[in-house]
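Here's the letter readout for the chains.
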Amino acid sequence: NAGVTQTPKFQVLKTGQSMTLQCAQDMNHNSMYWYRQDPGMGLRLIYYSASEGTTDKGEVPNGYNVSRLNKREFSLRLESAAPSQTSVYFCASSDSSRGTQYFGPGTRLTVL
Amino acid sequence: AQSVTQLDSQVPVFEEAPVELRCNYSSSVSVYLFWYVQYPNQGLQLLLKYLSGSTLVESINGFEAEFNKSQTSFHLRKPSVHISDTAEYFCAVSNTGMDSSYKLIFGSGTRLLVRP
Chain D
67 NAGVTQTPKF QVLKTGQSMT LQCAQDMNHN SMYWYRQDPG MGLRLIYYSA SEGTTDKGEV
127 PNGYNVSRLN KREFSLRLES AAPSQTSVYF CASSDSSRGT QYFGPGTRLT VL
Chain P
753 AQSVTQLDSQ VPVFEEAPVE LRCNYSSSVS VYLFWYVQYP NQGLQLLLKY LSGSTLVESI
813 NGFEAEFNKS QTSFHLRKPS VHISDTAEYF CAVSNTGMDS SYKLIFGSGT RLLVRP
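Heads up: the sequence lines are chains D and P, in that order.
The numbers in this note's numbering rise by one with no breaks, and the one at position 39 of the first sequence is 105.
The numbers in this note's numbering rise by one with no breaks, and the one at position 44 of the second sequence is 796.
Keep in mind that the hints were calculated from the coordinates and are not lab data.
Possibly wrong hints are sitting among the right ones.
Stated by the list, open to error - Covered by chain P, per the in silico footprint, the following chain D stretches (three or more residues, Cβ under 8 angstroms):
| no. | stretch |
| --- | --- |
| 1 | 103-114 |
| 2 | 165-178 |
Said to hold, decoys possible - Taking lysine-lysine pairs in the BS3-like style, the calculated list, with each CA pair at most 30 angstroms apart, reads:
| no. | chain 1 | residue 1 | chain 2 | residue 2 |
| --- | --- | --- | --- | --- |
| 3 | P | K801 | D | K137 |
| 4 | D | K123 | D | K80 |
| 5 | P | K821 | P | K801 |
| 6 | D | K75 | P | K801 |
| 7 | P | K830 | P | K801 |
| 8 | D | K123 | P | K801 |
| 9 | D | K75 | D | K137 |
| 10 | D | K75 | D | K123 |
| 11 | D | K123 | D | K137 |
We put the CB at the ideal spot given by N, CA and C, even for glycine.
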C-alpha cells in the first residue's frame with residue numbers, strides 16, 4: 067500500500083516547454099487534488115476531481131490542465147511553462163466519507 | 753468565501769516548553785478544521801481534525817486543538833515539545849462540496865523551531 071505517489075520528484079524546464087506531472091493513489095479514493103506550495107503562501111488548490119470523469123478549477127488554475135485518467139490516476143499538465151510556475155506541486159486524494167486528504171511526496175519544479 | 757490566518761510565521765521554543773500555534777478562520781458556513789504537519793522535504797501529514805462533536809481534539813503524539821466557534825479559532829497546543837516536533841504546521845478549513853469533495857483552504861503556515 068503505497069498511498070499517493072508522484073512522478074517525477076524533481077524537474078527543470080525552460081520557459082515554453084511542456085510537461086505532465088503524474089499522480090496515482092491506491093486507496094480507492096473518489097476525490098483527487100492538485101496543489102502548489104510557494105514560500106509564505108501555504109498550499110493553493112489548482113484543480114480537483116471529485117470523482118472519476120469530473121474535473122473542476124480551484125483557486126489558481128491558469129496555465130494548467132488536468133486529466134482524471136481513471137479512479138487511480140490524476141495528471142497535471144503545463145502546456146507552456148513560465149517562471150511563475152516554479153513551485154512544489156502536491157497531489158492529494160480523499161475518501162468522501164472522512165474528509166481527510168492524503169498527500170504525495172511532491173514534485174519540485176523549476177522553470178528557467 | 754473561506755480564509756485561514758496563521759498569525760505567526762515562525763515560533764521558536766526550547767525543548768520541553770509548551771507551545772501554541774494560532775489559527776483563525778472565516779467562513780459563512782459550517783466548516784471542518786484540520787492541522788497538517790510537514791517535515792523537511794516531505795509531503796503533508798494529517799495531525800488532527802475537527803469534523804463535529806467534542807470541540808477538543810487530540811493527536812497521537814501529544815498535540816491538541818480546540819474548536820472555538822465564537823472566536824472562529826482552532827489553535828494548536830502541546831504542553832511539552834521535542835526536537836522532533838520541528839516542522840511546518842498548516843491550518844486548513846473545508847466544507848463538504850455538493851460533489852462530495854473536500855477542497856482545503858490553507859493558512860500560510862507556521863514554522864515551529866524547537867531548540868535544545
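Hints and how they fare:
Under a criterion of three residues with beta carbons nearer than 8 angstroms to beta carbons of chain P, the stated coverage of the stretch 103-114 of chain D is upheld, 7 such residues being counted. Judged by the Cβ-Cβ criterion of 8 angstroms, the stretch 165-178 of chain D is covered by chain P as claimed, because 8 of its residues qualify and three suffice. Straight-line distance between C-alpha atoms of K801 of chain P and K137 of chain D comes to about 26 angstroms, which keeps the hinted pair within the 30 angstroms bound. Distance restraint check for K123 of chain D and K80 of chain D: the Cα-Cα separation of roughly 25 angstroms lies within the 30 angstroms cut-off, and the hinted pair is therefore satisfied.
Restraint check for K821 of chain P and K801 of chain P: the C-alpha separation of about 15 angstroms stays at or below 30 angstroms, so the hint holds. Note on K75 of chain D and K801 of chain P: the hinted pairing holds, with a Cα-Cα distance of about 28 angstroms set against a maximum of 30 angstroms. Proposed proximity of K830 of chain P and K801 of chain P is supported: the alpha carbons are some 15 angstroms apart, at most 30 angstroms. Proximity of K123 of chain D to K801 of chain P is assessed by CA-CA distance (about 25 angstroms); at most 30 angstroms being required, the pair is judged to hold.
Restraint check for K75 of chain D and K137 of chain D: satisfied, since their Cα atoms lie roughly 22 angstroms apart, inside the 30 angstroms limit. For the suggested pair K75 of chain D and K123 of chain D, the alpha carbons sit about 24 angstroms apart, so the restraint of at most 30 angstroms is met. The straight-line distance between the Cα atoms of K123 of chain D and K137 of chain D is roughly 18 angstroms, inside the 30 angstroms bound, and the hint therefore holds.
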